[in-house]
Structures are given as C-alpha cells and as structure tokens.
Amino acid sequence: MSQPHIATVRAAFGRKVTLRAKLEITSGGLLAIGGLVSSILLSTAVLVGVATRHLPKRDR
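Going by the working numbering, the sequence shown opens with residue 700, and the numbers climb by one from there.
No lab work stands behind these hints, which were simulated from the structure alone. Just to be clear, a hint being listed does not mean it is correct.
[What the hints assert, rightly or not] Estimated spans, in silico, between C-beta atoms of each pair:
| no. | residue 1 | residue 2 | range |
| --- | --- | --- | --- |
| 1 | Arg-709 | Ala-744 | 29 to 39 Å |
| 2 | Val-736 | Ala-710 | 54 to 64 Å |
| 3 | Gly-734 | Ala-710 | 23 to 33 Å |
| 4 | Thr-725 | Val-749 | 35 to 45 Å |
| 5 | Gly-734 | Ser-701 | 17 to 27 Å |
| 6 | Ala-720 | Ala-750 | 29 to 39 Å |
| 7 | Gly-748 | Ala-720 | 33 to 43 Å |
| 8 | Gly-713 | Leu-754 | 51 to 61 Å |
| 9 | Ala-710 | Ser-742 | 41 to 51 Å |
| 10 | Ile-732 | Arg-752 | 25 to 35 Å |
| 11 | Phe-712 | Arg-757 | 51 to 61 Å |
The structure presented is a predicted model; accordingly, all values stated were derived computationally and were not measured. Heads up, the beta-carbon is just placed ideally off N, CA and C, and yes, glycines get one too.
Input sequences plus hints: build the corresponding full structure.
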C-alpha cells in the first residue's frame, strides 16, 4: 500500500482564535476528488452555455 498524502494548515485570527486542520488522503482519493471537480466544472460550463445562448425569435 502506498503512503498517504498529508497536508496540515495552521492559521491564527487575532490572539484568541486559531485553526488547525490535518488531511490524510491516498492517491485513489485524490483521483476521485479530481474526477468530481472536473465533472462539476464541465456541468457548470454546459449550464452557462445553455443560459446564455440566443434563441431564434418567433413571429407571432
């Protein structure tokens, strides 16, 4: 089994508020996240294309 990828973040907001986060993820998890993000971006592009297209005018 491969080693997990590890990311840590530490942030301080003022003197009393601090944030710590740690993420461990495998290569397969990164691939799954990449697939989800790309499908979201592609579907958003389709929605924007449909919303901004110009329809032909109908004569009444």
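**Q.** Those earlier numbered hints the structure runs against, lowest number first
**A.** Per hint list: 2, 9 violated.
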